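Each chain, written out:
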Amino acid sequence: MTEGTPINAVGPHPHGSRSARAPLGLRTPLTLFEKLWRRHLVVPGTDEHPPVVYIDLHLIHEVTSPQAFSELEARGLPVRRPERTAATMDHSTPTVLDEKGRPRFFNRETEDQVSTLRRNCEKFGIPLYALGDARQGIVHVIGPELGLTRPGMTIVCGDSHTSTHGAFGAWAFGIGTTEVGHVLATQCLLQSKPKTFEVRVDGKLGPGVTAKDLILAIIRKIGVDGGVGHVIEYTGSAIETLSMEERMTVANMSIEGGARAGLIAPDETTFQYLEGRPHSPQGEDWDNAVSDWKSLPTDPGASFDRTASLDASTFEPMITYGTNPGMSVGIGEAIPANANEKALRYMGVNAGERLLGKPVDVVFIGSCTNSRMSDLRLAASVMKGRRVAKGVRALVVPGSQEVKRLASAEGLDRIFLEAGAEWREPGCSMCIAMNGDQLSPGELAISTSNRNFEGRQGKGGRTILASPLTAAAAAVTGKITDARTLLE
Amino acid sequence: MKPIRTVTSKTVVLPVDNVDTDQIIPARFLTITTKEGLGENLFADWRRAPDFVLNRAEAKGAQVLVAGENFGCGSSREHAPWALVGFGFRAVVSRSIADIFKGNAVKNGLVPVEVPDDVHRALLDHPGWVVTVDLEKKVLVLPDGREVGFPIDGFARHCLLHGIDPLDFLREQEEKIRAYEASA
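Chains A and B supply the protein sequences, listed in that same order.
Read left to right, the first sequence gives residues 115 to 602 (the numbering used here).
Read left to right, the second sequence gives residues 21 to 204 (the numbering used here).
Simulated from the structure, these hints should not be mistaken for lab results.
Bear in mind the structure is a predicted one, so any value in this text is a computation, not a measurement.
Check before you lean on any hint, since a few could be wrong.
Below, a list of computed lysine to aspartate or glutamate pairs in the EDC-like style, where the Cα atoms sit at most 16 Å apart [what the hints assert, rightly or not]:
| no. | chain 1 | residue 1 | chain 2 | residue 2 |
| --- | --- | --- | --- | --- |
| 1 | A | K456 | B | D37 |
| 2 | A | K504 | A | D475 |
| 3 | A | K456 | B | D65 |
| 4 | B | K55 | A | E223 |
| 5 | A | K307 | B | D37 |
| 6 | A | K573 | B | D65 |
| 7 | B | K30 | B | D145 |
| 8 | A | K318 | A | D425 |
| 9 | A | K472 | A | E447 |
| 10 | A | K408 | A | E223 |
Only part of the chain A face toward chain B is listed, based on derived beta-carbon distances under 7 Å [what the hints assert, rightly or not]:
| no. | residue |
| --- | --- |
| 11 | W151 |
| 12 | T160 |
| 13 | P164 |
| 14 | P165 |
| 15 | P180 |
| 16 | P196 |
| 17 | S206 |
| 18 | T224 |
| 19 | S229 |
| 20 | D273 |
Glycine included, each C-beta is placed from N, C-alpha and C at the ideal position.
Assemble the whole structure, with the sequences as input and the hints as a guide.
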């Protein structure tokens, strides 16, 4: 199969017949997760082995797949369901082009990795959205964009931010390379059943407070290991009123709270987003799919293993001060007195300090967390008619070719370029810093990505995580700024 | 994979909580297409400090890493256990270990050992203790002979003990997978 072949064989509602249907009134109330689990159980667990679950959609990219393909080759195995697999190139790909418009690779290794993926996809018949294809982009941006991601599915990828797809009511989680091999070979995984964790957020977000601030506030509350062993379901009015793109930002960072997967119940917002996407079902299939998806949300009275609740109206724009996503404060708040010393030392900040006004070197707007149209619109709303501050390097990296196209059609590219920011080709870029887009030692970045781990954006680099609004405000002022002071 | 029954070794102690996989193996080393050679870049950035624990003489030959809680959080990169095993580790002991890392570890002959808080603290306080991870009995044996039970998925343990590749098991389910697909 050549690159870019459409994936048609992933059914609109793959296992609709498996939903628990019993006479009304007798049915045990089930959570969304329990329904997804039951639909995908191929072999129940025994004392001898964990349950075997079916994977509807397997997304792959160049960095975590080569060793899995080598394993298949060593065993002489085919890919069992290539049509349930989709590949793209994003992690180590360049975001700059040479004078002839070709990707300018950072080094030989990254170029080899990309050609290895191309070869593997050709050999095993896997649809590939390659560099140069109008559908290429960050794997967690293009899955939803193409309508490959749909409610009720199981979705895996050798990437921990696979949790993003949970925004659609799909059970989506990151796996290691050995498991990538398992799914390629059998379309199944051995999975112990996780526990469920309801994170309920009611109340209304204030002006200038975004989905990114909401998830950072959640992680601050539950901790970076709060969700270990659990699948989170985000519920409550503050979640229900989010757009699909905002929901993706929330579900994306479930893993930063320790949960491999985060779910949001599908509703009209979900259906509207998916209708008419390239791989979305059409006509009667669409109607059937929607009616099946409507049966997915958690039943009234269903119970979770754990719950936490938060009030969105109390949230402020959030920024991190330390070296994990749980180390955050409201933008005007002081760093806590009991903050981790090693983290403060690395970041060059002090307990009790307020970060407002702190100069930044680099602004990164992009990543699977915040690189979609609504994110770019937020950033542009601040940068429009302003200039990137002197001495600040600002990168805007759209999540996909499609986002890039839409943003250009809307004139966002010009707003960024006229402000003096760099407008790049799509990819993971400086979120993982494998492609040459990276911080220099000691540089301080404000970034819309998901991880502020030591050196994550480049050896010795320091990262403050924030929303696109807050990042854009820092770009034009050159320092940590409350974007609300710049908004009309 | 070679079967593992017991690992007896002195410990190396890394008393840091929430060690993420970006620290274990920074992303710039993920450009390889094989599993080999990652051991030399284990904790590459932290090892630039000459007194970092893995740079010290006492770390040589140690097969058991004792680390702070929530070890292995963050990225799903299996390069993390590949690097730890490449360096020579056969077990990681903590109060808690992140989900994806734990799943990746057992597939590469690295035993994740989660112990109660008091035992964890004792281990953190005593670098170099010689301990035994007994996978058969699912216990960690401390220097005083005390046996501390640890949880491990039964199937993962079975695979580690007998050097079984779980892919073989999954492939044996082919008939059931087909039946499932037909009914869907």
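For each hint, the structure was consulted:
Our distance criterion of 16 Å between C-alpha atoms is met by A:K456 and B:D37, whose separation comes to about 10 Å. Distance restraint check for A:K504 and A:D475: the Cα-Cα separation of roughly 10 Å lies within the 16 Å cut-off, and the hinted pair is therefore satisfied. As the CA atoms of A:K456 and B:D65 are separated by approximately 15 Å, the hinted pair is consistent with the 16 Å bound. Restraint check: the Cα-Cα separation between B:K55 and A:E223 comes to about 14 Å, which is no more than 16 Å; the hinted pair holds.
Of the pairs offered as hints, the one joining A:K307 and B:D37 is violated, with about 26 Å between alpha carbons and a cut-off of 16 Å exceeded. A hinted pair counts as satisfied when its Cα atoms are at most 16 Å apart, and A:K573 with B:D65 qualifies at roughly 7 Å. A threshold of 16 Å between alpha carbons decides the hint, and for B:K30 with B:D145 the separation of about 13 Å falls inside it, so the pair holds. Taken as a hint, the A:K318 and A:D425 pair is honoured in the structure, with Cα atoms around 8 Å apart against an allowance of 16 Å.
At most 16 Å may separate the alpha-carbon atoms for a hinted pair to count; A:K472 and A:E447 meet this at roughly 13 Å. Under the criterion of a C-alpha separation no larger than 16 Å, the hint pairing A:K408 with A:E223 is inconsistent with the structure, at around 46 Å. With 7 Å as the threshold, the beta carbon of A:W151 stays out of range of chain B, its nearest partner Cβ sitting at about 14 Å, so the hint is violated. Below 7 Å, beta-carbon pairs count as interface contacts, and A:T160 has none with chain B, the closest being about 9 Å; its hint is therefore violated.
Taken as an interface hint, A:P164 checks out: its beta carbon lies about 5 Å from the nearest beta carbon of chain B, inside 7 Å. Here the hint on A:P165 is broken, as its CB sits about 10 Å from the closest CB of chain B, past 7 Å. For A:P180, the shortest C-beta to C-beta distance to chain B is roughly 4 Å, which falls under 7 Å, so the interface hint holds. With a cut of 7 Å, the hint placing A:P196 at the interface with chain B is violated, because the nearest CB-to-CB distance is about 14 Å.
With a least beta-carbon distance of about 6 Å to chain B, the hint placing A:S206 at the interface is held under the 7 Å criterion. Interface restraint check: A:T224 against chain B, minimum CB-CB distance 5 Å, threshold 7 Å, status holds. Because the closest C-beta pair between A:S229 and chain B is about 10 Å apart, greater than 7 Å, the hint is violated. For A:D273, the suggested interface contact is upheld, since its CB lies about 6 Å from the closest CB of chain B, less than 7 Å.
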